[in-house]
Amino acid sequence: MSGATAEGRHPAREIVVSASELTRTFGDFVAVDHVSFEVARGEIFGFLGSNGAGKTTTIRMLCGLLRPTSGKGTVDGFDIATESAAIKTRIGYMSQKFSLYTDLTVDENLRFWAGTYRVWGREFERRRDWALAVTGLETRRQALVADLPGGFRQRLALSCALLHEPPVVFLDEPTGGVDPEARRDFWDLIDDLSEGGVTIFVTTHSMDEAERCHRVALMHAGKLLALDTIPRLKAVFPEGSVLELECADAARAVEELENLSEVVDAALFGDRLRAVVESPEAAATIERSLVAAGFGPVTVNPVAPSLEDVFIRFIHEAEEAESS
Amino acid sequence: MIRRVLAVAIKELLQLKRDWRTAIALLGMPLVLLMIYGYALSFDVTDIRLGVVDLSRTSASRRVVEAFLESGFFVRAATLDEVRPTDALFASEAIQAALVIPADFASEAAALRPTSLLFILDGADSQTASTILSYARQIVAATTPEVLGIEFRSPLEAAPLVWYNPDLKSSIFLVPGLLAFILMVSSVIATALAVVREKERGTMESLRATPIRAIELLLGKTLPYLLVGSVSAAGALFLAWALFEMPVRGSIFWLAVVTLLFLAGGLGWGIFISTLAESQQVAFQLGLLSSMLPTLLLSGFIFPISSMPRALQIISSIVPARYFIAALRSIVLKGVGPDMWWQQAAALAIFGALVLLAATVRMVRSL
Numbered sequence: 037m038s039g040a041t042a043e044g045r046h047p048a049r050e051i052v053v054s055a056s057e058l059t060r061t062f063g064d065f066v067a068v069d070h071v072s073f074e075v076a077r078g079e080i081f082g083f084l085g086s087n088g089a090g091k092t093t094t095i096r097m098l099c100g101l102l103r104p105t106s107g108k109g110t111v112d113g114f115d116i117a118t119e120s121a122a123i124k125t126r127i128g129y130m131s132q133k134f135s136l137y138t139d140l141t142v143d144e145n146l147r148f149w150a151g152t153y154r155v156w157g158r159e160f161e162r163r164r165d166w167a168l169a170v171t172g173l174e175t176r177r178q179a180l181v182a183d184l185p186g187g188f189r190q191r192l193a194l195s196c197a198l199l200h201e202p203p204v205v206f207l208d209e210p211t212g213g214v215d216p217e218a219r220r221d222f223w224d225l226i227d228d229l230s231e232g233g234v235t236i237f238v239t240t241h242s243m244d245e246a247e248r249c250h251r252v253a254l255m256h257a258g259k260l261l262a263l264d265t266i267p268r269l270k271a272v273f274p275e276g277s278v279l280e281l282e283c284a285d286a287a288r289a290v291e292e293l294e295n296l297s298e299v300v301d302a303a304l305f306g307d308r309l310r311a312v313v314e315s316p317e318a319a320a321t322i323e324r325s326l327v328a329a330g331f332g333p334v335t336v337n338p339v340a341p342s343l344e345d346v347f348i349r350f351i352h353e354a355e356e357a358e359s360s
Numbered sequence: 006m007i008r009r010v011l012a013v014a015i016k017e018l019l020q021l022k023r024d025w026r027t028a029i030a031l032l033g034m035p036l037v038l039l040m041i042y043g044y045a046l047s048f049d050v051t052d053i054r055l056g057v058v059d060l061s062r063t064s065a066s067r068r069v070v071e072a073f074l075e076s077g078f079f080v081r082a083a084t085l086d087e088v089r090p091t092d093a094l095f096a097s098e099a100i101q102a103a104l105v106i107p108a109d110f111a112s113e114a115a116a117l118r119p120t121s122l123l124f125i126l127d128g129a130d131s132q133t134a135s136t137i138l139s140y141a142r143q144i145v146a147a148t149t150p151e152v153l154g155i156e157f158r159s160p161l162e163a164a165p166l167v168w169y170n171p172d173l174k175s176s177i178f179l180v181p182g183l184l185a186f187i188l189m190v191s192s193v194i195a196t197a198l199a200v201v202r203e204k205e206r207g208t209m210e211s212l213r214a215t216p217i218r219a220i221e222l223l224l225g226k227t228l229p230y231l232l233v234g235s236v237s238a239a240g241a242l243f244l245a246w247a248l249f250e251m252p253v254r255g256s257i258f259w260l261a262v263v264t265l266l267f268l269a270g271g272l273g274w275g276i277f278i279s280t281l282a283e284s285q286q287v288a289f290q291l292g293l294l295s296s297m298l299p300t301l302l303l304s305g306f307i308f309p310i311s312s313m314p315r316a317l318q319i320i321s322s323i324v325p326a327r328y329f330i331a332a333l334r335s336i337v338l339k340g341v342g343p344d345m346w347w348q349q350a351a352a353l354a355i356f357g358a359l360v361l362l363a364a365t366v367r368m369v370r371s372l
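As given, the protein sequences belong to chains A and B, one line each in that order. Its first residue numbered 37, the first sequence is counted upward by one per residue in our numbering. Its first residue numbered 6, the second sequence is counted upward by one per residue in our numbering.
Hints should not be assumed to be uniformly reliable.
Unchecked claim - Negatives, chain B to chain A, calculated, CB over 10 angstroms:
hint : residue
1    : K16
2    : R62
3    : F78
4    : V105
5    : G128
6    : A134
7    : S176
8    : S235
9    : S256
10   : P299
11   : A358
12   : V366
Claimed, not checked - DSS-like cross-link-like pairs, simulated, lysine-lysine; straight-line CA separation at most 27 angstroms:
hint : chain 1 : residue 1 : chain 2 : residue 2
13   : A       : K259      : A       : K108
14   : A       : K133      : B       : K174
15   : B       : K22       : B       : K174
16   : B       : K204      : A       : K133
17   : B       : K339      : B       : K174
18   : A       : K259      : A       : K133
Source of the hints: derived by calculation from the structure; they are not laboratory data. Every residue gets a Cβ at the ideal spot worked out from N, C-alpha and C, and that includes glycine.
When you get a sec, could you build the whole thing from the sequences and use the hints?
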């Protein structure tokens with residue numbers, strides 16, 4: 037579980053965020069269950085999982101907002117349990133909820149958030165100009181945030197969290213409710229930051245976004261299921277074990293498919309079927325079975341596994357391990 | 006420290022400027038309340054509906070009736086020939102009091118034998134009844150020599166000399182309390198929403214991730230409202246002087262100092278509530294109840310603290326309005342210096358410091 041991409045770009049791999057057996061319980065509920073990982077400087081580290089998987093709880097512990105029940109963690113060299121004051125000066129945090137004041141203007145928001153980090157005077161002007169440039173809001177400085185489209189707000193919220201030039205940024209589902217174009221712009225900004233040496237820790241439940249991370253941690257029910265680069269994660273599927281099928285009456289064919297012993301998992305995507313099989317040889321068997329069941333003509337093509345395939349596979353494995 | 010407090014304070018003022026309805030409410034509410042309550046709230050009783058049952062029908066008895074009507078407190082609402090029908094008039098509230106002069110009043114009086122006038126009162130409203138009774142006693146006492154046709158002096162007499170409020174007008178006594186009540190309610194409400202609003206909007210979470218300290222956030226949120234509160238307090242004091250003839254005999258400077266201390270306590274209490282409540286609605290209701298009830302009931306505003314049961318007296322010692330009202334009456338009505346009310350001022354300062362400390366402790370825990 038090492039980050040090949042990140043290592044390649046930053047030969048001297050410097051650990052900026054670390055978690056070791058990090059655990060947080062709320063009563064009987066274990067929100068985060070012995071989670072361990074390390075994040076290197078300049079890395080875009082994705083935390084992928086469904087709602088309630090423990091992503092936000094992990095981020096809040098790392099930001100010093102929530103004390104861990106057990107386990108240890110450090111951010112930029114400081115202990116998350118005992119040195120949260122020092123950590124807060126070194127991180128930018130964009131929470132899931134919208135963190136700008138909608139009744140203030142762009143300028144006023146920038147000035148306020150800069151003030152909380154004690155960025156003022158010349159320094160503030162420099163950072164404000166930077167923020168206006170990266171958000172594309174130079175001409176709308178006096179606009180109320182309430183009147184801005186979602187994409188602008190998102191980038192403004194991010195730049196507000198970066199006014200003090202923190203070495204680490206925590207983004208908790210930053211692009212919820214933003215249109216795809218604005219989302220792409222947002223991620224271009226994140227790439228730029230990463231190239232500038234800023235470490236980015238981002239949670240998401242969007243597979244598209246996870247694809248843009250250097251390394252991805254898969255989180256489910258408080259546990260870390262897997263952690264690696266995207267290509268390595270996808271390598272859990274041998275070549276030819278993910279198939280895309282076209283056939284007649286795909287909606288009924290998916291049931292037929294699920295009953296075949298060679299098929300591990302099958303799902304319907306529009307009018308196409310996607311199947312995960314044990315071995316590449318299964319392709320021919322499947323084709324014959326579907327034709328025999330009257331779903332012909334059938335075409336079967338091996339495709340690259342998606343991150344979703346990987347995620348679902350790990351969840352299934354974890355659930356099987358649990359029940360056995 | 007100061008930079009961050011300033012950053013928060015400027016932000017709060019900008020938000021208040023955008024939310025002009027709230028701004029107007031905060032500035033104007035005390036003035037409107039003062040006008041409404043100032044005119045409505047009075048212990049002075051006038052135009053008392055009097056039923057007259059003059060069974061004597063003599064010049065002496067007519068003189069007594071005239072004395073009642075000329076006093077300015079009573080108006081004749083009914084004239085009856087016997088006592089019994091007054092029951093129905095009391096029941097329908099056509100009359101509030103009845104004066105019954107017995108048939109032998111004039112002859113007994115002329116013979117200088119002890120005689121009585123019957124004065125019947127509706128005691129359902131005891132406060133009003135006792136006021137009416139005291140008016141009636143004064144009138145009868147004043148009329149007696151005239152009716153009897155003799156000058157007499159009792160060997161012992163308490164000659165009254167009323168200071169500070171020679172006419173014993175209740176407004177002079179009530180307006181300082183009313184000011185305390187209005188300023189307390191409006192200052193608590195002003196800040197009660199300040200922190201919980203950030204929780205509801207989700208900005209609190211972002212603030213918590215910044216290095217801002219609890220005390221910086223709280224001061225930054227309190228100071229702008231202290232400014233707003235001072236302006237509206239000045240307006241309310243002016244109105245009290247202009248409309249309700251509240252004299253200002255003492256120093257304006259000390260008046261300002263004591264008012265600021267009181268406002269700081271109210272704002273601090275509001276912000277403490279704000280750190281407790283999870284929604285603006287809860288904060289508003291908590292703020293309203295906790296400021297209104299104690300200030301109304303336990304501050305000496307209406308009910309004298311000295312006549313309360315011991316337990317309530319002890320509770321009243323944590324009601325800041327109690328000290329403010331006492332200090333206000335000292336400065337405004339008596340015109341005395343700090344040596345006479347420094348204890349009240351100190352109590353206000355201690356209350357302010359304690360609530361701000363409590364709010365900070367709460368805040369540190371959630372920050």
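Results of checking the hints against the structure:
1. With a minimum CB-CB distance of about 5 angstroms to chain A, K16 of chain B fails to clear the 10 angstroms threshold, and the non-interface call is violated.
2. Every C-beta of chain A lies more than 10 angstroms from that of R62 of chain B, the closest at about 77 angstroms, which supports listing it as non-interface.
3. The non-interface label for F78 of chain B is consistent with chain A: the shortest C-beta to C-beta separation is roughly 56 angstroms, beyond 10 angstroms.
4. Chain A leaves V105 of chain B outside its interface by the beta-carbon criterion, the shortest separation being 69 angstroms against a cut-off of 10 angstroms.
5. Non-interface call for G128 of chain B relative to chain A: holds, since the shortest CB-CB distance, roughly 56 angstroms, exceeds 10 angstroms.
6. The beta carbon of A134 of chain B sits about 55 angstroms from the closest Cβ of chain A, which is more than 10 angstroms, so the claim that it is off the interface holds.
7. The non-interface label for S176 of chain B is consistent with chain A: the shortest C-beta to C-beta separation is roughly 41 angstroms, beyond 10 angstroms.
8. Consistency note on S235 of chain B: stated as away from chain A, and its beta-carbon is indeed over 10 angstroms from all of that chain's, at 24 angstroms minimum.
9. A cut-off of 10 angstroms between C-beta atoms confirms that S256 of chain B is not in contact with chain A; the least separation is 38 angstroms.
10. In this structure P299 of chain B is separated from chain A by more than 10 angstroms, as the shortest Cβ-Cβ distance comes to about 33 angstroms.
11. Against chain A, the non-interface label of A358 of chain B holds: every CB pair exceeds 10 angstroms, the least being about 24 angstroms.
12. Separation of V366 of chain B from chain A is adequate, the least Cβ-Cβ distance of about 17 angstroms exceeding the 10 angstroms criterion.
13. Restraint check for K259 of chain A and K108 of chain A: the C-alpha separation of about 16 angstroms stays at or below 27 angstroms, so the hint holds.
14. At most 27 angstroms may separate the alpha-carbon atoms for a hinted pair to count; K133 of chain A and K174 of chain B exceed this at roughly 57 angstroms.
15. With a C-alpha separation of about 41 angstroms, the suggested pairing of K22 of chain B with K174 of chain B is violated against the 27 angstroms cut-off.
16. With a C-alpha separation of about 10 angstroms, the suggested pair K204 of chain B and K133 of chain A falls inside the 27 angstroms cut-off, and the hint holds.
17. In summary, the hint linking K339 of chain B to K174 of chain B is supported, as the alpha carbons are separated by about 15 angstroms, within the 27 angstroms threshold.
18. Distance hint between K259 of chain A and K133 of chain A is fulfilled; the C-alpha atoms sit about 24 angstroms from each other, no more than 27 angstroms.
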